[in-house]
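Take the given structure of chain A and dock chain B to it, following the hints.
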Amino acid sequence: MKIHLLTFLFFISFSAVSFSQNQDQPKINGFFPGISLERFFEQVEENTPYRFYYIEQKISSITVNLQASDSKLSDLLDAVFQGTDFHYSFGADNAVFISKGKKLQVSLSDDFFSNVGNAGSGSSGQVDDAFVRNNRFIIGQSSPDKKTAILSGTISSLENQEIITGAIVFEKIDFTRTISDREGKYSIELPVGRHTIYIQNLGGYIEQRLIDLRGDGVLDMAIGESIYSLSEVVVNSGSINQISRPEMGVQTLTVSEMRKLPAILGEVDVLKGILVLPGVNTVGEASVGFNVRGGASDQNLVLFENSTLFNPSHLFGFFSAINADMIESVELMKAGIPANYGGRLSSVLQMKPKFGRTDKIGGSGGIGLLTSRLSLEGPIGEKTTFIAGGRTTYSDWVLDYLEDNADFNASRASFYDLNLNVRHKFSEKDILEFTGYYSQDQFQFDPDTVYSYQNQNYALKWTHYFNDQLEASFSAGKDKYDFQILGEDNPLNSYEFGFGLDQNFVKAEFRQEKGFRHVLKYGVHLNQITLNPGLITPYGAESIVIRDEVEQESALETSIFISDEFEINDKWFVSGGIRYNLYNYFGPQTTFVYPEGQPTTNENVIGEKTSEDGEIIKTYHGPEFRFSGRYSLNNQSSIKAGVNSMRQNMHLLSNSSVISPTDTWKLSDEFIAPQTGIQYSLGYFRNMAQNQLEFSTEVYYRSMRNLLDYRSGATIILNDDVEQDVLNTNGKAYGVEFFLKKSAGKLNGSVSYTYARSLYQTNSSEQKEQINEGTEYPSNFDQPHHAVLVMNYEVSKRFNATFSGNYSTGRPITLPVSKFVYAGSERVYYSDRNAQRVPDYFRLDFSINLEGNHKVNKLAHSSWSMGIYNVLGRSNPYSIYYTPEEGVLRGYQLSIFAEPIPFITYNFRF
Amino acid sequence: MRFKDLQFLLVVIFLFTGCREPFEPEIENVQGGVLVVEGYLDSNGLESVLSISRTAPISGTESNIPEPGALISLIADSGELYKLTELKDGKYLFQLDIPENQSYRLEILLRNGEKYFSDPIKPIITPDILDAGYIRDEEGVEVYVNTQGNEVADDFLWTYEETWIFRPVIRTPYIYRNDTKVVELRKEEEQIALCYKSETNPDLLLETSSRFEDQVVFRQTITEIPQGDERIMERYSILISQKAIDQQAVEFWETLKRNTDDIGSIFSPLPSVISGNLHLEGDDEQPVVGFVSLGVIKQTRIYIDQKDVFPWTFNDPEFDDCSISIEPIYIGSSQYFSDFGTGAVLPARELMEGTTIVAYYSSTRRCSDCTLYANRGKPDFWED
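In order, the protein sequence lines correspond to chains A and B. If you number the first sequence the way this note's numbering does, the last residue is 928 and the count never jumps. If you number the second sequence the way this note's numbering does, the last residue is 939 and the count never jumps.
Here chain A stands alone, though its shape is the one from the complex:
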């Protein structure tokens, strides 16, 4: 439709037209003898402030034939349009709109403002949506001395009225921006005047609102999510976020992004998904334990909301422990860890739970070759929502199948996990959330030995909003991790071995906005840990195994923290925090006494010391500093720098390089000090092509103290005196990471490359043993080159294909360098520790996702995900080993997924 806007004419009309000004309405005089309507408008415009808006072609048939003398325009138009289908209407600034068929609505309807309010509750649907998008909202009362005003409000979803977290609200002139918080609330300070406000919704879907900002005011916005998303796809492009936030090394991956990655055996895997991020490595395919920037796998704090997961894996890591349907997003903090997190050296992996939809009861699930899952979510009454889910495996049929083909007997493996998340909204100011998780794993390789382990996590969180500036959350919870081994090899030697860890926590956290430039966070975090390091008991009446127990350990971690985010100006944004950690190790405990300054070896034991119940045996304390700053070069790029220091009071005792179920935790005691580390990082962030391309590069250097490495031949299980078997070790790690991500368009994806080193060195004061004669040696997870490519092509909204590639240097291993004969067999003599490497790792995967049709009212939405893992069938050696075979030593490389593995999973939601 072409709208012709008339311009001023500077010619005087041949008709004698006079014009007299009237306060109310300009009067029109003149003679208009059979001229075209267009000509008539031109003449009127010449002499009056009226401006006409019309479609040229539509009015060409009308002629005007009349005499006007101090006539009102409305009277003249009434006469002209009499008997026709034309209508006119008067707008602001003397605009006159001519329309055919229907009178144009130019003023706000009386119920306009109630409509805005309704947009929040969504009762009137799409009409409102289109309406609010094109309407200019007048916000606040103007006052002459005010240059800027504050716009605030809540962002919610148009479809299901759930609040939207992490939406970016911005305007494009000065690029002032803000992000909606956990409760969907946003607040932005803008100059007084007219603006177009953009709301970058999840998934890059941008909404806009026109506002005329006159003073402080509230604008609640209900924005549409694309119907394709089915409200399960929550993609946080975060492109502006990445540039503007002061922290670095923080990566968010939403569950929908993970869904697009080819997964092992068709299961969306929360932890595997983060392995596409730069600086995150794994030592083996079958390990969920991951290494961040040269840190050990126990140095990652894996959090489900506020609950710590001690063993985040199922089935030795073939699946990760948390059901992806229960999670909103996963955030990995490699650096720039806020002061409210602590307790681990390398990273924080924060999984945000889902709390269920508010509109109706629904659910989702999936059926795969080895596992199935089902979840149900929805409202209970007005104020409560829930989501409950479960997952289980039936992999035994595979094992049965294998048994027919090989002589394995009675191998069994099973697991299940259950989740329940409930949110209750007492009022706008009080929200109570419950998260619960339970998992159980059990497996055996032969009929004699059964391994099992359990994770249990329960937590309650109460969030209270005092006012717009201050909010607080109080959490309390319990985390439990146990494992058992039941050996029934022989009735006389049957045993039951158990390990248990119990953690109770209380956390209070406050968030306070001070003006528009400061956000303060402060709080206190208490962690009480009880550990049963090992207990062996006879199993069965005949057993003559003697009960043996390593003494229980207990400790209390108290941390207080405060941090401030300070936006100094448009260019500078800094955040700083301090966390002070106090660690008390309690009795009762009986420990050996070693002479001062002598190594803690068995030969040096000079006595025993017994501490009373509740007595503080050892206290460690120290501050942790977290600083980061951003300097914006322009709207598209910034430079960031950060310093992070961390403390870790718990150590995972493992003689192997991956987390295995027989690894036990150890608390810092009078011989084993907390691990400490400091990381310096510097980064450059740039967005290109209208934020479609995100580029970042970061360099870092870390140094770590009091790490544990092991003496040759160390034993870990049922060891009462671990201090005799561990070596105080220093570590350092450094590297550079590059990351390029394209988040929009039919072809999207990311490519990352990391060069990183991770080196250990036995502390020179350690007298028990100096590994590799006290020189620096690569840690178990030192993989200098690591590159990941993920490409996703959306053929249509319902069909997308993903291709990914993964390359990394082989991990270091200790290989035999020579051989000898001992006790009748050929044996191997090993090189220095980690002096060799397994061959490089390289893998390509392919997967496709097929969505069912998108009729909104369908009974269930379904999708298929299928693909091939390790398309090339390359045998990536996990491990190298030598074994004597008929007296001759042979070297072997062991690969896990040495052939292309096809997979298929059917997913549905209702």
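A hint or two may mislead.
Stated by the list, open to error - In silico DSS-like cross-links for lysine-lysine, where the CA-CA straight-line distance does not exceed 25 Å: (1) K643/B - K752/B; (2) K752/B - K786/A; (3) K760/A - K815/A; (4) K120/A - K164/A; (5) K736/B - K786/A; (6) K190/A - K786/A.
Derived by calculation from the structure, the hints in this document are not laboratory data. Being a predicted model, the structure only gives us computed values, none of them experimental.
Then chain B, alone, in the frame of chain A:
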């Protein structure tokens, strides 16, 4: 308590895709090799051997390089000196009754002048094997010992040697003499139908008695012989040696065991640097592999006959094709001289015409000659 090799899980679940391939890395060979010393010297006069060698390159064909020509002596705290006598191939014999209430040091002087010495070694008198026996079940036979530790002997190391009668599939009493071209009955020293096969087993069996009530190690499995195994085809014997060792020796043996058994599974511990209780004089950093112990070794030998474990049928598929020929080979025929002359075919059964042997049915040598696989001579200890 035994923690089963977790490698199984891996193999079980991912057999259909997982894979194991030969691997030969490029490793620079270490010059010279590391000295390796092995021996448990019996303080009660039982013949015991100390062997000294050097490690060999991993990719080479030889397993170790013997170190002959060394002067070895055991020096008591009291100053008394006991010499070991050199055998061959870097082996040295010790066969002396020495007092057990002394502490000893082993000194090794190599040809190249390097002098090695051990930490002080205290002899441990190993308690007797209370009982040794076997259990027959559907899986086969399990050989066990029972023993009891005491204050000085807490940790045990068991080693064993197995010997068994080996019979060929086809027994033949005949021999073709190439010089006279005549078939005769074999003499006693020529028989090829009864052999004895011996193996020293490299398994390392360790147990700590204090884990059990009254330090009784009950039914410690020594070896498991699967149903139908060759070893009990007729008569089987196992010599079990029980050696009490100290805590440091346990660590050494466990490291050795771990380095050998567990390496390569996903859940393997890190390989350990292996050393022992020997040092190079003047250079403590120089690695030496080996742990020399002193003490009284306790041994016991048991026999298992095929009839004791009946039914026990040994059937080696390798010999499934073995049979006596259908066609006889007549004496004097050209086939007689050519076939028997090469030695690849042996006369197995005679064909009589009246009272005269006119021909022989044959069998191949690989089916009839046990000396191809074992030794003919009856071991000295063997009891029938």
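Going down the list of hints, with the structure as the test:
1. K643/B - K752/B: holds (23 Å)
2. K752/B - K786/A: violated (46 Å)
3. K760/A - K815/A: holds (18 Å)
4. K120/A - K164/A: violated (42 Å)
5. K736/B - K786/A: violated (74 Å)
6. K190/A - K786/A: Given that 25 Å is the threshold and the Cα spacing comes to 64 Å, the pair is violated.
Hint compliance for this structure: hints 2, 4, 5, 6 are broken, all remaining hints hold.
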